[in-house]
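Visitor: Letter by letter, the chains look like this.
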Amino acid sequence: MFGRIAYMELRTGWKGLLIFGLLVIIVSAGMPLIFPTYRDALTEELEGANKVNLELPNEQGGMITLSWEPLDNATSYMVLEDNRLSMLTPIPKYNGTATSITFEKDFEEKRYYAVMAVLNETSDPDLIGIATTEKGADPFQELMQNPIYAGFTGGRNISMLEAKGFITLEFFSWWWMLSGLFIAYLSVSVIASDFENKRMDMMLSTPISRRRYLLEKFSAMSVIALFIVLLAIVGLSGGLAKINALNEFSIEAVFLSLIGCLPFLMVISAVGMVTAVLFQKVRVGMGITFAFVFAEFFLYTFGNFSKSLEWMKTISIFKYWDYSSVIIDDFFKAADFILLTILAIVLLIIGIWVFKKKDIPA
Amino acid sequence: MRKRCDAMDQEKVIEIKNLTKMYGNNVGVKNLDLTVYKGEIMGFLGPNGAGKTTTIRSCLALIAKTAGEITIFKLDSHRDAVAIRKKTGYLPGDFGLIPSVKVSSYLKYLLSLRECDSTKKMVSLADRLELDLNRKTNELSKGNKLKAGIVQALMADQDLIIMDEPTSGLDPLVKQEFYRILREEKKQGKTVFMSSHILADVEMVCDRVAIIRKGQLKVVEEIQALQEKTGKVLEVEFGDPVTIDEFKLKGVSDIQQDNGRLTLTIHENLDGVIGAVSNHRILNMNLKTYSLEQLFLKYYAEEEEQERGDA
Numbered sequence: 005m006f007g008r009i010a011y012m013e014l015r016t017g018w019k020g021l022l023i024f025g026l027l028v029i030i031v032s033a034g035m036p037l038i039f040p041t042y043r044d045a046l047t048e049e050l051e052g053a054n055k056v057n058l059e060l061p062n063e064q065g066g067m068i069t070l071s072w073e074p075l076d077n078a079t080s081y082m083v084l085e086d087n088r089l090s091m092l093t094p095i096p097k098y099n100g101t102a103t104s105i106t107f108e109k110d111f112e113e114k115r116y117y118a119v120m121a122v123l124n125e126t127s128d129p130d131l132i133g134i135a136t137t138e139k140g141a142d143p144f145q146e147l148m149q150n151p152i153y154a155g156f157t158g159g160r161n162i163s164m165l166e167a168k169g170f171i172t173l174e175f176f177s178w179w180w181m182l183s184g185l186f187i188a189y190l191s192v193s194v195i196a197s198d199f200e201n202k203r204m205d206m207m208l209s210t211p212i213s214r215r216r217y218l219l220e221k222f223s224a225m226s227v228i229a230l231f232i233v234l235l236a237i238v239g240l241s242g243g244l245a246k247i248n249a250l251n252e253f254s255i256e257a258v259f260l261s262l263i264g265c266l267p268f269l270m271v272i273s274a275v276g277m278v279t280a281v282l283f284q285k286v287r288v289g290m291g292i293t294f295a296f297v298f299a300e301f302f303l304y305t306f307g308n309f310s311k312s313l314e315w316m317k318t319i320s321i322f323k324y325w326d327y328s329s330v331i332i333d334d335f336f337k338a339a340d341f342i343l344l345t346i347l348a349i350v351l352l353i354i355g356i357w358v359f360k361k362k363d364i365p366a
Numbered sequence: 005m006r007k008r009c010d011a012m013d014q015e016k017v018i019e020i021k022n023l024t025k026m027y028g029n030n031v032g033v034k035n036l037d038l039t040v041y042k043g044e045i046m047g048f049l050g051p052n053g054a055g056k057t058t059t060i061r062s063c064l065a066l067i068a069k070t071a072g073e074i075t076i077f078k079l080d081s082h083r084d085a086v087a088i089r090k091k092t093g094y095l096p097g098d099f100g101l102i103p104s105v106k107v108s109s110y111l112k113y114l115l116s117l118r119e120c121d122s123t124k125k126m127v128s129l130a131d132r133l134e135l136d137l138n139r140k141t142n143e144l145s146k147g148n149k150l151k152a153g154i155v156q157a158l159m160a161d162q163d164l165i166i167m168d169e170p171t172s173g174l175d176p177l178v179k180q181e182f183y184r185i186l187r188e189e190k191k192q193g194k195t196v197f198m199s200s201h202i203l204a205d206v207e208m209v210c211d212r213v214a215i216i217r218k219g220q221l222k223v224v225e226e227i228q229a230l231q232e233k234t235g236k237v238l239e240v241e242f243g244d245p246v247t248i249d250e251f252k253l254k255g256v257s258d259i260q261q262d263n264g265r266l267t268l269t270i271h272e273n274l275d276g277v278i279g280a281v282s283n284h285r286i287l288n289m290n291l292k293t294y295s296l297e298q299l300f301l302k303y304y305a306e307e308e309e310q311e312r313g314d315a
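Protein chains in written order, with this note's numbering: chain A, 5 to 366; chain B, 5 to 315.
There could be a bad hint or two in this list.
Stated by the list, open to error - Per label pair, the in silico range of CB-to-CB distance: (1) 70/B - 298/A: 35 to 41 Å; (2) 73/B - 14/A: 39 to 45 Å; (3) 18/A - 22/B: 46 to 52 Å; (4) 14/B - 22/A: 40 to 46 Å; (5) 363/A - 192/B: 32 to 38 Å; (6) 24/B - 318/A: 45 to 51 Å; (7) 22/A - 73/B: 47 to 53 Å; (8) 309/A - 73/B: 54 to 60 Å.
Stated by the list, open to error - Not close to chain A: a few residues of chain B, all C-beta gaps over 10 Å, as computed: (9) 116; (10) 145; (11) 174.
Keep in mind that the hints were calculated from the coordinates and are not lab data.
Using N, Cα and C, we set each Cβ at its ideal position, and we do this for glycine too.
Start from the sequences, fold in the hints, and give me the full structure.
Guide: Listed below in structure tokens is the structure:
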């Protein structure tokens with residue numbers, strides 16, 4: 005239901021929308037553009053993994069020897085050890101000028117060693133390479149199995165050396181936050197600010213029902229969501245075309261993966277509207293809606309941690325916008341799309357019901 | 005007077021029966037009965053916090069009722085709210101405008117929500133109230149914002165005009181023009197229901213007044229009857245000696261003298277009093293309406309006392 009109220013919303017908000025649209029274009033087009041540079045740097049690092057040599061003992065309890073090629077301008081070397089899959093919180097194992105260390109293998113599990121060259125006091129150390137206690141493994145592939153990343157990939161094996169993988173992990177992991185929080189902010193404020201700035205009395209003294217008011221605000225939000233999604237589609241396809249990656253990452257995939265987030269955004273918008281009519285305060289509504297978005301995200305992430313936590317995923321809206329399924333597996337989950345759309349409509353009906361019950365504060 | 009009342013009986017525009025609105029444990033209004041007839045200007049008087057705004061906003065279904073019934077144009081205020089609002093203009097007591105648009109754009113927007121295409125009345129009202137339609141809404145002063153509110157309440161040619169404190173903050177000259185506009189509306193058969201906390205503001209234009217205090221309706225009276233009852237306070241400063249006896253005329257009470265200054269209350273026979281005053285040299289003269297508080301103290305204190313006794 006798009007009428008004069010929705011139109012007025014767009015008319016008064018177009019400046020902000022334009023600035024945000026510019027940001028969407030810059031990031032969605034810029035992300036593919038930096039991919040070649042990223043791929044080259046990653047390739048170099050992966051090759052660097054071979055620059056560190058790890059000798060394993062034949063029997064349990066023997067000695068491990070770790071050696072690496074010296075770097076000309078290095079003042080000392082650092083070795084970090086990690087026995088976890090994450091490689092995010094390594095323990096310092098060695099710090100000195102020698103180019104090899106030997107230590108006892110008194111553990112069973114797989115461990116990782118990262119060797120860094122310290123150049124001077126002020127700059128960060130350079131990575132010389134990574135070695136693991138199991139031969140033939142690709143540490144970066146394993147990194148992708150980290151639950152934090154798996155949260156974005158749905159547990160899929162994703163290569164960061166391909167545009168597909170890079171976009172899935174880098175672009176979409178901020179896109180949900182950027183677009184989701186933008187819509188959450190707008191949806192709460194277009195309604196709650198009418199309360200706070202005492203515009204509701206005058207609005208609702210015209211022959212506009214509360215239902216129509218809410219529906220029109222919602223339709224304005226739908227148009228805005230469609231607008232930023234279309235901008236992202238244009239930006240992303242443009243960027244991919246520029247780096248000649250459209251053969252591996254089709255326009256169709258760009259389109260479906262981003263269109264898939266529309267009902268996702270509309271659910272967030274409807275939650276924002278329910279909180280706005282319930283609490284009638286911009287700050288309160290915003291706090292709750294933002295908390296909702298992040299809570300849903302964490303539910304999905306935790307759901308990926310283990311099988312026993314999988315139920316958490318099913319109550320997260322992130323599960324029903326599976327962009328990596330479109331990008332990696334070439335499969336658009338239409339049923340999920342419809343499910344989220346129905347959820348948005350149900351939430352909107354709840355919002356109308358709440359709004360009808362509430363007094364307008366004087 | 006009586007004749008007009010009979011005619012009004014034929015058509016009730018607003019009929020409030022036994023309205024109660026509670027805010028938690030606090031009383032907004034309690035058991036309020038009030039009827040506004042077609043073609044009259046009804047003043048709704050009461051001190052701040054008496055329940056005027058609560059009553060008005062209940063009529064417009066902006067708040068839910070705790071109990072009671074409100075019928076407007078023979079329709080239920082809450083069930084048929086949208087149908088009622090088609091024929092009703094409303095000025096809220098406190099309101100904001102959409103910022104950063106021209107006043108004319110904003111008013112046209114509200115007109116369009118009322119599905120009214122003609123901007124003729126809007127332009128003429130703005131002109132008469134000296135409201136610049138080309139200003140941006142966020143640049144308006146408090147008085148000009150109120151004018152914009154008044155214009156929007158009247159511009160779509162509504163049959164019923166409900167206004168919450170339309171006169172507080174208007175310049176005296178603009179106020180006079182506003183009264184003229186209301187009288188014209190009335191002549192066209194429109195009904196006006198407006199609240200105020202200042203008696204002087206409503207007596208200029210209203211046919212009847214309803215007085216509310218602490219959530220309860222105290223008085224509903226024709227304005228003339230109320231004026232006769234309360235009277236006006238005349239203060240005169242004379243340049244020559246006067247005696248109190250000269251002013252002991254019909255319809256005069258509470259005569260007080262302090263040197264050359266004389267204070268008295270006139271209920272009727274205004275020309276007689278002025279005649280007596282003009283026998284002397286007048287240095288200064290001031291005719292005042294009782295304030296609502298004075299009115300209560302003087303005429304309804306008894307009832308208050310009784311209530312206090314009951315409590």
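Visitor: State for each hint whether it applies.
Guide: Each hint, compared with the structure:
1. 70/B - 298/A: 35 to 41 Å: With a Cβ separation near 39 Å, residue 70/B and residue 298/A satisfy 35 to 41 Å, so the hint holds.
2. 73/B - 14/A: 39 to 45 Å: holds (41 Å)
3. 18/A - 22/B: 46 to 52 Å: With a Cβ separation near 49 Å, residue 18/A and residue 22/B satisfy 46 to 52 Å, so the hint holds.
4. 14/B - 22/A: 40 to 46 Å: Because 58 Å falls outside the window, the suggested range is violated.
5. 363/A - 192/B: 32 to 38 Å: Given about 34 Å between the Cβ atoms, the range holds.
6. 24/B - 318/A: 45 to 51 Å: holds (48 Å)
7. 22/A - 73/B: 47 to 53 Å: Holds, at about 50 Å.
8. 309/A - 73/B: 54 to 60 Å: About 59 Å separates the Cβ atoms of residue 309/A and residue 73/B, which means 54 to 60 Å holds.
9. 116: violated (5 Å)
10. 145: The assertion about residue 145/B holds, with a minimum of 17 Å to chain A.
11. 174: holds (18 Å)
The structure fails hints 4 and 9 (numbered hints given earlier, in ascending order).
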